[in-house]
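Asker: Sequence lines, in order, name chains D and B.
Residues in the first sequence are numbered consecutively from 0, following numbering that gives the first Met the number 0.
Residues in the second sequence are numbered consecutively from 0, following numbering that gives the first Met the number 0.
If you're looking for bench data, these hints aren't it; they were derived computationally from the structure.
Since the model is a prediction, treat every value here as computed from it, not as a measurement.
Cβ atoms here follow ideal geometry from the backbone N, Cα and C, with glycine treated the same way.
A hint or two may mislead.
As the list claims (entries may be wrong) - Chain D stretches covered by chain B per the calculated footprint, using a threshold of three residues with CB under 8 Å from any CB of chain B: (1) 85-93; (2) 377-384; (3) 422-429; (4) 682-696.
What the hints assert, rightly or not - The calculated BS3-like cross-link candidates involving lysine-lysine, where the alpha carbons are at most 25 Å apart (straight line), are: (5) D/K237 x B/K92; (6) B/K3 x D/K229; (7) D/K480 x D/K577; (8) B/K3 x D/K285; (9) D/K708 x B/K145; (10) B/K92 x D/K225; (11) D/K745 x D/K616; (12) D/K225 x D/K169; (13) B/K92 x D/K708; (14) D/K232 x B/K3; (15) D/K237 x D/K155; (16) B/K145 x D/K232; (17) B/K145 x D/K237; (18) D/K285 x D/K219.
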Amino acid sequence: MSRLGKYTRRAFLGLGVAAAGGLAVGYYFYQKPYANPLDANKAEGDTPFNPYVMISADNTITIIAPRAEMGQGAHTTLAALVAEELEVPLEQVVVEHGPSSPAYFNAAMFEESAPFAFYDESVLAEMARSSMKVVAKFIGMNVTGGSSSMTDAFVKMREAGYTAKFVLLKAAAEHFGTSEDNLTLANGTITDTASGNSVTYGELASKAATISPPTEMKLKKASDWKILGKSQKRVELKDKVTGGRIFGIDVQLPNMAYGSVRMAPRKGVGLKSYDKTAALAIPGVKDVVEIRTIAGEGLGVVADNTWAAFKGAEALEIEWDDPLSLQNTDQMWSALENALTQEATFELGGTGSDAEVYTSIPESEEVSAQYRVPFLAHATMEPMNATAQHDGDTIGIWTGTQAPGIVQTVVAGHFDMDSADIDVTTTRLGGGFGRRLEADFALYAAVVAEATAPNPVKVTWTREEDTQHDTYRPMAIGEFKGQVTPDGTLKTMDMHVASPSIIQSVMPRTFPALSPLGPDNTVLDGAYNQPLDVENQRCQAHVADLQVPIGFWRSVGNSINGFFHESFIDEAAHKAGKDPLEFRLAHMTSEEFLPAREALKRVAEMSGWGTPLPAGKGRGIAHVLSFGTWTAQVVQVDVTDDTVTIEEVWAVADPGIVLDPGIFKDQIMSGINFGLSQALGQEITWADGQVEQANFDTYDAMRMYQAPKITVELLENSPRMGGAGEPGTPPSTPALANAIFAATGKRIRQMPLSNEIDFI
Amino acid sequence: MYPKIPLTVNGQNQEIEADPEMPLLWALRDIMDIKGPKFGCGIAACGACTVLIDGEPVRSCSQPVGDVEGEITTIEGISEGNELHAVQQAWMKHSVPQCGYCQSGQIMAAVALLEENPAPTDEDISDAMTNLCRCGTYPRIKAAIKDAAQTLGA
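Just chain D, with the same shape it has in the complex (with noise of 0.2 Å):
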């Protein structure tokens, strides 16, 4: 059960006015620290030592993971953390996702935004990373994505666990009249080795919160670490097993009435007319609601039944007003095109200066090709759904979100009340990919609450309305060109990526009230930020609206750029006749390349890269740094009567540091199968200005019968720390394109390959 659940639901609200008192420490704010959120929240006998860390009495130890889980472990390698430094098992602690509050806003996320590669530590892309660091702050951003984290939290709550534990040895030391050194600690208890007398964490913990806290962090040396760098089980394990009410579509609130939306085909569509007889005319329907936000316009549908709700919403007859130009996908095709012609939006990265090296490669020492990737949907297998109550002057808002901050300021905006007023409960997530970092799903609920009200109403996307209104993934085009040397050198790679801007796209949704600054450097990622030695370089991007919303997709622009950039390596490998790892080796030369060298050649040796295949069988080879992880993969493939198996996947990937070995390397296999999906036939098309596709039968993923062998390796040389859940997905799909090649011969460009060759 939810600890933090028994409370009232106005103990959530006010927040921006809760008092700082207790321990709210602020040790790692950047200047003057939010108020802890769990002073707010607390019953009787709890005492918060700081936003992460609570105890009560009785000793029950609640550690606040705030991030959302969506299937990545975040909660369990979070709350490592914490207990690590406290000195409790894992299994004696309870993990809550904790109030939606900016005291836990998410700096590594935006620090890694900003336009320069992982590895450059050059002092302008530090002062950059620093900037956005102060912004995240402001904006108060608790959000969870960019596989960001166990990065922004692997300072700042091992040094929550440390402080608690640093004031409950002071306490303890009091409370047994001795000094610190006779302690010992262990499973919540500290022990006075002289007496053998004991006193628990909870006894203790109302004492210690009246202590100063350390002004000195001596966090423990990973080569002490008892719970970091093992393999743990999953906090909430059990839950999954049993059918546990865990997810938003689960939250079942006295009252309740239930409901569903259809809304306009896309952001831009307008609601024009509408009959709503026949919807009433369906038993269990109570009311039809307008819905016009910032996400979009359309209805809601409330019902005393889910699925009265989902044959309402079926049965309504609409008119939009649809002023949009581009209709269908030959003409978001034709607008990329042509940005194509037109002089680069901007352009990141790049060595080298003179700009004819790319007009004057002699004809017999070039490569080119041009490369395209479809829009995708998230397709996360829970669809989108909310339940929200308006209260006098509050909303409540229970729901899976990335992004409770997000879903705060939307609902606020709408209402034209404090984001303080907008109480959300983040419930666990069945799958995120970036599509529960928008709010219009929460949105949309509030707005149908507002005629449901006081009663709560729980508001359901059917599996069509989800995969037809999602923020898809950007289709997009690359125009790759280089120049190989007879030598067998890229010394030339020229790269165009035509794509819509998925921030331009994201912004007005979330943050109307900002302008976006900069370049989009997620148009790029994957392509610009490789490790990659080669003497002129340049990477330019074309932006074309696409009248489409756009969103953030599990790796972004690395999903896209990833396959490009290294469907391209492997082309300008066979132009050089030579074996593609041999010739990504030889342009990786640079000293802080080093974690992409050894990732491949340890993947090389997993797989047997160079040994003999059977006739038609291939290998293929692919490496992308993304999030911070340095990834390595071999696919290797079977092709029998035109018809491709992907037998087995290899990986390596080098985050510089692993917490959980386990939960790390399910999440590269996650990621794997995540990119492998598309391949297999996922593509969303308009007609008509509407999608084409609607459900699994037409937008399908991987299933059981399909499914590689995967193995996983881990290594730790890289100096930084990166993330899990995104970096498996960018080098899936072009080394399965290259191994393709390798078997037959024949080199796919376009995404998903299933429309130039089957598979199983």
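With chain D's structure known, arrange chain B on it following the hints.
Answerer: Same frame as chain D, but now just chain B:
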């Protein structure tokens, strides 16, 4: 209003009032407050809603509640007291779930598979386990099923 429909769910006889056309999934979730079976697609394409009817796996999102004949078992009904079913224990041992949303359905499909085929091969597992998992936990699912087969056969 609605007719009374008698049902046996997890060994309990009960009677609900519902449109007979309502899918069993929504009768379970919204009327009986049994939340283990999850909604994924509504067209029997993903299997998140899988329950057993007289031991046979059924995608409850596409099964009208008025047509149900036989005893319904949801994931809430497979453990005995505090003792989890061997399949659930294997799922924990192999740390199968990531987001966990599809796993109720996966576990129910696996329970049905092992009832019918106590020693499935890789191919048997691929043929029977057609449920979708967006986290891509398939290798873990396969390993857990083989483990549970051993436990149940022992």
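Asker: None of the hints should be skipped; say for each whether it holds.
Answerer: Hint check:
| no. | hint | result |
| --- | --- | --- |
| 1 | 85-93 | violated (count 0) |
| 2 | 377-384 | holds (count 5) |
| 3 | 422-429 | holds (count 3) |
| 4 | 682-696 | holds (count 3) |
| 5 | D/K237 x B/K92 | 11 Å, holds |
| 6 | B/K3 x D/K229 | 54 Å, violated |
| 7 | D/K480 x D/K577 | 18 Å, holds |
| 8 | B/K3 x D/K285 | 22 Å, holds |
| 9 | D/K708 x B/K145 | 15 Å, holds |
| 10 | B/K92 x D/K225 | 21 Å, holds |
| 11 | D/K745 x D/K616 | 13 Å, holds |
| 12 | D/K225 x D/K169 | 23 Å, holds |
| 13 | B/K92 x D/K708 | 19 Å, holds |
| 14 | D/K232 x B/K3 | 45 Å, violated |
| 15 | D/K237 x D/K155 | 28 Å, violated |
| 16 | B/K145 x D/K232 | 20 Å, holds |
| 17 | B/K145 x D/K237 | 20 Å, holds |
| 18 | D/K285 x D/K219 | 59 Å, violated |
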